[in-house]
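Line by line, the protein sequences give chains A and B.
Position one of the first sequence corresponds to residue 1 (our numbering), numbered consecutively onward.
Position one of the second sequence corresponds to residue 221 (our numbering), numbered consecutively onward.
Don't read these hints as lab results, they were simulated from the structure.
A few of these clues could be false.
Below, a list of computed lysine to any residue pairs in the SDA-like style, where the Cα atoms sit at most 20 Å apart [stated by the list, open to error]:
{"no.": "1", "chain 1": "A", "residue 1": "Lys66", "chain 2": "B", "residue 2": "Asn505"}
{"no.": "2", "chain 1": "A", "residue 1": "Lys66", "chain 2": "B", "residue 2": "Ser336"}
{"no.": "3", "chain 1": "A", "residue 1": "Lys66", "chain 2": "B", "residue 2": "Pro489"}
Here the structure is a predicted model, which means the values were calculated and not measured.
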Amino acid sequence: MKREIPLLLTGALGLLMILSFFVPHQWISVPADFMQASAIVLVAFGYVLGGANVLRVNFSAIIKQKSGWPYNLVLVLGLIATLAIGAVDGCANRGGFLNEGTTSKWIYDQLYSPMASTMFALLAFYIASAAFRAFRIRTFEAGLLAVAALIVMLGRVPLTNALTTWAPEWMRLQAWQEWIMDVPQNAAKRAILIGAALGVMATGLRVILGIERTYLGAEE
Amino acid sequence: MRPFRLPDPLRVVALLAWVVCAVAFAGSAGAQDSTGVAQIAPAAPSGLTVSDVANDAGRQLELNWKRSPDDRTGSTLVTFYQIERADQPGGPWEVVDSVAMATESYVDQSVRREQSYFYRVSSIGPGGLTPALSVTGPAVATSQFFNTARWSVLVYTLGFFAFVMFFIARAQSGQKTFLRRIPGVDAIEEAIGRATEMGRPVLYIPGILDIDDIQTVAGLVILESVAKLTARYQTAIRVPVTYPIPFAIAQDMVKNGYLSAGRPDAHDPDAVQFVSPEQFAYVANVGGIMLRDRPGAHIFMGAFYAESLLLAETGFQTGAIQVAGTANVHQLPFFVVACDYTLIGEELFAAGAYLSGDPKLVGSLKAIDLMKITLLLTILVGCALETLGHHGFTNWMATQ
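Using the sequences and the hints, build the whole thing.
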């Protein structure tokens, strides 16, 4: 029964959600909407579980004084402080934890936001190093890729277009890059998306029918 | 010198003329703005109709009207149209919304089903509210039992379900199913083997989305097979997770893998770690694991966004063998460049079935192939019919 009931619930609720796509009537749409809204409650319990795991793993590292344990200490203190400040700022009489002037907002603006921006800024350098490797011409296919990439990049630069205004429209790099993006690129992308969509449907169906049940954990 | 004076009757007439001119001038000045447009209420819109929106749960009514003659072209201005609603034709009226000039339709999404409503639309300009209102009703929103715009989706979905059931039944009856090799899936075992030889752990990343994304489900299904292999090879595995529910499932998957391999004693309860749902906080943590612990193999399976290259490039710099799989088309080029093997799109969803070897799961892969052929034929037939000028099939396939 420990496995049958979850499988039955998964199947019934999965079919209800599929049915709600085809049947707009309130007999189906109201329970389907309720199920989606209920997921928020489930996620809230999940966060408690996740937070407990973070504390457990990091406390364990601090107690055993594993290599780099002061970082674990900073993480635990930061987590507890942020939670406590957020709980106080989030009280109704303070109006919300992301209001101007609250400590939570200060933490978000002065600590979280700059750190996230720094991480995102690093992406530019990673793209440059990855592009360098990608455009090394070792095979015929790699050569095609490099030529196509060169046309697309140059075709999107205003200066290149300005330099080729003398040529007929079909000969300009802009027209070539548009063709590459609209025809071969789009065709390949759509083929991948159709395959992926079928994979999504098959995986969903396997879960709903109880064929794919590994997510339920170990058999006992 | 004595000033010139008109005779009395003429003075009276002149005074009256001045008063008339002054009043006329004052009137015209008051009714014009700086652009010279008369500031009087614009004419009302006309032809107001209201109808139930089809294929919905009975929560919407659609209004259509013809613009006021003063909308853009008239001598007075229309700034916006005000839509009002009432239960009775005589009111009381409740303002539902306002829409900009030149608009001729509106969908009221705040109605109760099976209740009668009357509507009126008035035009408003600098001169005020239109004196004449366009009133119509009653209208009732009803819910439908089937969305008729989705017939084609239903037919193809049922067809796909039938294919899946057929191939699963065939696999269960013992018939062997041929599957083409997927180099990326084969590379997973190779990567774990190499990590074992190097004496380093395996890092497994099941994407950065929650369990409601099917790619995360696919990533977690593959995790079980990967954990089984690491248990067999006696190699440590680390699984940093972004959301709490995938975290709980990942814990079970890893435990299940070790149990299936007959090595429950080797299972590390801290192998799966909840990190953070914040994208770049997660990247910082995983990048740290890559640089500090130097895992011998990195396996990325699931949904990835801007962090894909940050993770894969960091991993490349550490020299680890990397296998990635995602259905996010825009991240695929990054993985192709930075990883040794990449599972593209559907291969991610096939990998779990492929690795497990379960005939029921493998059967569903054949159904995907058959459905792809069906869709290919549909596209070809659709193109041919469109070329010949027959649009019926295209219209039937359209869902909007």
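Cross-check of the supplied hints:
A hinted pair counts as satisfied when its Cα atoms are at most 20 Å apart, and A/Lys66 with B/Asn505 qualifies at roughly 17 Å. Only pairs whose Cα atoms come within 20 Å are accepted, and A/Lys66 paired with B/Ser336 is rejected, the gap being roughly 70 Å. For the hint pairing A/Lys66 with B/Pro489, the CA-to-CA distance comes to about 17 Å; that is within 20 Å, so the pair holds.
This entry does not satisfy hint 2, going by the numbered hints stated previously; all others are met.
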